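Based on these hints, arrange chain B on the given structure of chain A.
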Amino acid sequence: AQSVTQLGSHVSVSEGALVLLRCNYSSSVPPYLFWYVQYPNQGLQLLLKYTSAATLVKGINGFEAEFKKSETSFHLTKPSAHMSDAAEYFCAVSVDGNKLVFGAGTILRVKS
Amino acid sequence: DTEVTQTPKHLVMGMTNKKSLKCEQHMGHRAMYWYKQKAKKPPELMFVYSYEKLSINESVPSRFSPECPNSSLLNLHLHALQPEDSALYLCASSQIGTDNSYEQYFGPGTRLTVT
Chain A
693 AQSVTQLGSH VSVSEGALVL LRCNYSSSVP PYLFWYVQYP NQGLQLLLKY TSAATLVKGI
753 NGFEAEFKKS ETSFHLTKPS AHMSDAAEYF CAVSVDGNKL VFGAGTILRV KS
Chain B
3 DTEVTQTPKH LVMGMTNKKS LKCEQHMGHR AMYWYKQKAK KPPELMFVYS YEKLSINESV
63 PSRFSPECPN SSLLNLHLHA LQPEDSALYL CASSQIGTDN SYEQYFGPGT RLTVT
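Residue numbers (my numbering), protein chains in the order written: chain A, 693 to 804; chain B, 3 to 117.
Simulated from the structure, these hints should not be mistaken for lab results.
One thing to keep in mind: the hints can contain errors.
Quick list of in silico lysine to aspartate or glutamate cross-link-like pairs, DMTMM-like style, CA-CA up to 25 Å [claimed, not checked]:
{"#": "1", "chain 1": "B", "residue 1": "Lys11", "chain 2": "A", "residue 2": "Asp777"}
{"#": "2", "chain 1": "A", "residue 1": "Lys741", "chain 2": "B", "residue 2": "Glu26"}
{"#": "3", "chain 1": "A", "residue 1": "Lys791", "chain 2": "A", "residue 2": "Glu756"}
{"#": "4", "chain 1": "A", "residue 1": "Lys741", "chain 2": "B", "residue 2": "Glu105"}
{"#": "5", "chain 1": "A", "residue 1": "Lys750", "chain 2": "B", "residue 2": "Asp101"}
{"#": "6", "chain 1": "B", "residue 1": "Lys38", "chain 2": "B", "residue 2": "Glu60"}
{"#": "7", "chain 1": "B", "residue 1": "Lys38", "chain 2": "A", "residue 2": "Glu780"}
{"#": "8", "chain 1": "B", "residue 1": "Lys38", "chain 2": "A", "residue 2": "Asp788"}
{"#": "9", "chain 1": "A", "residue 1": "Lys791", "chain 2": "B", "residue 2": "Glu105"}
{"#": "10", "chain 1": "A", "residue 1": "Lys791", "chain 2": "B", "residue 2": "Glu60"}
{"#": "11", "chain 1": "A", "residue 1": "Lys750", "chain 2": "B", "residue 2": "Glu105"}
{"#": "12", "chain 1": "B", "residue 1": "Lys43", "chain 2": "A", "residue 2": "Asp777"}
{"#": "13", "chain 1": "B", "residue 1": "Lys43", "chain 2": "A", "residue 2": "Glu756"}
{"#": "14", "chain 1": "A", "residue 1": "Lys741", "chain 2": "B", "residue 2": "Glu46"}
{"#": "15", "chain 1": "A", "residue 1": "Lys791", "chain 2": "B", "residue 2": "Asp87"}
{"#": "16", "chain 1": "B", "residue 1": "Lys42", "chain 2": "B", "residue 2": "Glu60"}
{"#": "17", "chain 1": "B", "residue 1": "Lys43", "chain 2": "A", "residue 2": "Glu780"}
{"#": "18", "chain 1": "A", "residue 1": "Lys791", "chain 2": "B", "residue 2": "Glu26"}
{"#": "19", "chain 1": "A", "residue 1": "Lys750", "chain 2": "B", "residue 2": "Glu5"}
{"#": "20", "chain 1": "A", "residue 1": "Lys760", "chain 2": "A", "residue 2": "Asp788"}
{"#": "21", "chain 1": "A", "residue 1": "Lys741", "chain 2": "B", "residue 2": "Asp101"}
{"#": "22", "chain 1": "B", "residue 1": "Lys43", "chain 2": "B", "residue 2": "Asp87"}
{"#": "23", "chain 1": "A", "residue 1": "Lys791", "chain 2": "B", "residue 2": "Glu69"}
{"#": "24", "chain 1": "A", "residue 1": "Lys791", "chain 2": "B", "residue 2": "Glu5"}
{"#": "25", "chain 1": "A", "residue 1": "Lys791", "chain 2": "B", "residue 2": "Glu46"}
{"#": "26", "chain 1": "B", "residue 1": "Lys40", "chain 2": "A", "residue 2": "Glu780"}
{"#": "27", "chain 1": "A", "residue 1": "Lys760", "chain 2": "B", "residue 2": "Asp101"}
{"#": "28", "chain 1": "B", "residue 1": "Lys42", "chain 2": "A", "residue 2": "Glu780"}
{"#": "29", "chain 1": "A", "residue 1": "Lys761", "chain 2": "B", "residue 2": "Glu105"}
{"#": "30", "chain 1": "B", "residue 1": "Lys38", "chain 2": "B", "residue 2": "Glu54"}
Far from chain A, by Cβ distances over 12 Å, these chain B residues were calculated [unchecked claim]:
{"#": "31", "residue": "Gly16"}
{"#": "32", "residue": "Met17"}
{"#": "33", "residue": "Lys20"}
{"#": "34", "residue": "Glu54"}
{"#": "35", "residue": "Ser64"}
{"#": "36", "residue": "Phe66"}
{"#": "37", "residue": "Ser67"}
{"#": "38", "residue": "Pro68"}
{"#": "39", "residue": "Glu69"}
{"#": "40", "residue": "Cys70"}
Remember, it's a predicted structure, so these values are computed and weren't measured experimentally.
Backbone N, C-alpha and C fix where the C-beta goes; we use that ideal spot for every residue, glycine too.
Next up, chain A with everything else stripped away, as it sits in the complex:
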């Protein structure tokens, strides 16, 4: 079964520092992968998605992710963290029936 694993339930960075949120997938077929962000008491907002067109995917708010088949990874990065990036981030894989299977989530804290 297809799944994703997010390494690190909490990540803390200083404002202006690199953001790296890790996601590894398990899939026997080329996966469709997504990153979503959730601010407190809000719904999920799509940051970016991978659908095999390009391995480096650029998303909104300066985020990007690189699909690495050899490492079965789809890590999310941002060169310089802003205070407004503090939120919970979910990696997800789309499976049969257009179902989304989410990772456990990573809470990003940005220190001033």
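Chain B only, in chain A's frame:
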């Protein structure tokens, strides 16, 4: 317009009450979803509607009853809920394709408290 709207934003109900959650989208999406999200957990899929027909029920208790009156609306009828059903209920919509590549757009959710 990539907006999914949900009403109400907050709902408090007793275990004997009947209430409904509503979801609406005007993006022309033909798939709509209900998710349940407990605190500090990822969303869990409950139901999927494709072309206004229920296509997936993730073994959800019958006290939750979904309804899709038309391609833009999705309801979740609630009856005889338990306190453990308290959660954030999220609606989402997407296009339908043969390869599961379409992203889902989420509403802001309804925060449900069962007393």
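To see whether the hints hold, each was checked on the structure:
1. B:Lys11 / A:Asp777: holds (24 Å)
2. A:Lys741 / B:Glu26: Given pair A:Lys741, B:Glu26 holds - Cα atoms ~24 Å apart, limit 25 Å.
3. A:Lys791 / A:Glu756: holds (23 Å)
4. A:Lys741 / B:Glu105: Within the cut-off at roughly 8 Å; holds.
5. A:Lys750 / B:Asp101: Given pair A:Lys750, B:Asp101 holds - Cα atoms ~21 Å apart, limit 25 Å.
6. B:Lys38 / B:Glu60: Given pair B:Lys38, B:Glu60 holds - Cα atoms ~11 Å apart, limit 25 Å.
7. B:Lys38 / A:Glu780: holds (16 Å)
8. B:Lys38 / A:Asp788: With a Cα-Cα distance of about 19 Å, the restraint between B:Lys38 and A:Asp788 holds, given a limit of 25 Å.
9. A:Lys791 / B:Glu105: Given pair A:Lys791, B:Glu105 holds - Cα atoms ~10 Å apart, limit 25 Å.
10. A:Lys791 / B:Glu60: Since the Cα atoms of A:Lys791 and B:Glu60 sit roughly 11 Å apart, the hinted pair holds (cutoff 25 Å).
11. A:Lys750 / B:Glu105: holds (15 Å)
12. B:Lys43 / A:Asp777: With a Cα-Cα distance of about 19 Å, the restraint between B:Lys43 and A:Asp777 holds, given a limit of 25 Å.
13. B:Lys43 / A:Glu756: holds (24 Å)
14. A:Lys741 / B:Glu46: holds (20 Å)
15. A:Lys791 / B:Asp87: holds (22 Å)
16. B:Lys42 / B:Glu60: holds (21 Å)
17. B:Lys43 / A:Glu780: Holds, because 10 Å separates the two Cα atoms, which is no more than 25 Å.
18. A:Lys791 / B:Glu26: holds (19 Å)
19. A:Lys750 / B:Glu5: This hinted pair holds, its Cα atoms lying about 22 Å apart.
20. A:Lys760 / A:Asp788: holds (22 Å)
21. A:Lys741 / B:Asp101: holds (14 Å)
22. B:Lys43 / B:Asp87: Given that 25 Å is the threshold and the Cα spacing comes to 14 Å, the pair holds.
23. A:Lys791 / B:Glu69: holds (19 Å)
24. A:Lys791 / B:Glu5: The hint holds at about 20 Å.
25. A:Lys791 / B:Glu46: holds (10 Å)
26. B:Lys40 / A:Glu780: holds (14 Å)
27. A:Lys760 / B:Asp101: holds (20 Å)
28. B:Lys42 / A:Glu780: holds (9 Å)
29. A:Lys761 / B:Glu105: holds (21 Å)
30. B:Lys38 / B:Glu54: holds (20 Å)
31. Gly16: With a cut-off of 12 Å, B:Gly16 remains clear of chain A, as the shortest Cβ separation is near 23 Å.
32. Met17: holds (24 Å)
33. Lys20: Fine: 25 Å to the nearest Cβ keeps B:Lys20 off the interface.
34. Glu54: holds (15 Å)
35. Ser64: Since the minimum Cβ distance to chain A is about 21 Å, B:Ser64 lies beyond 12 Å and the statement holds.
36. Phe66: At roughly 17 Å from the nearest Cβ of chain A, B:Phe66 sits farther out than 12 Å, so the non-interface label holds.
37. Ser67: holds (20 Å)
38. Pro68: holds (15 Å)
39. Glu69: Given a closest Cβ separation of 19 Å, the condition holds.
40. Cys70: Since the minimum Cβ distance to chain A is about 15 Å, B:Cys70 lies beyond 12 Å and the statement holds.
Every hint, counting from the list given before, is met by this structure.
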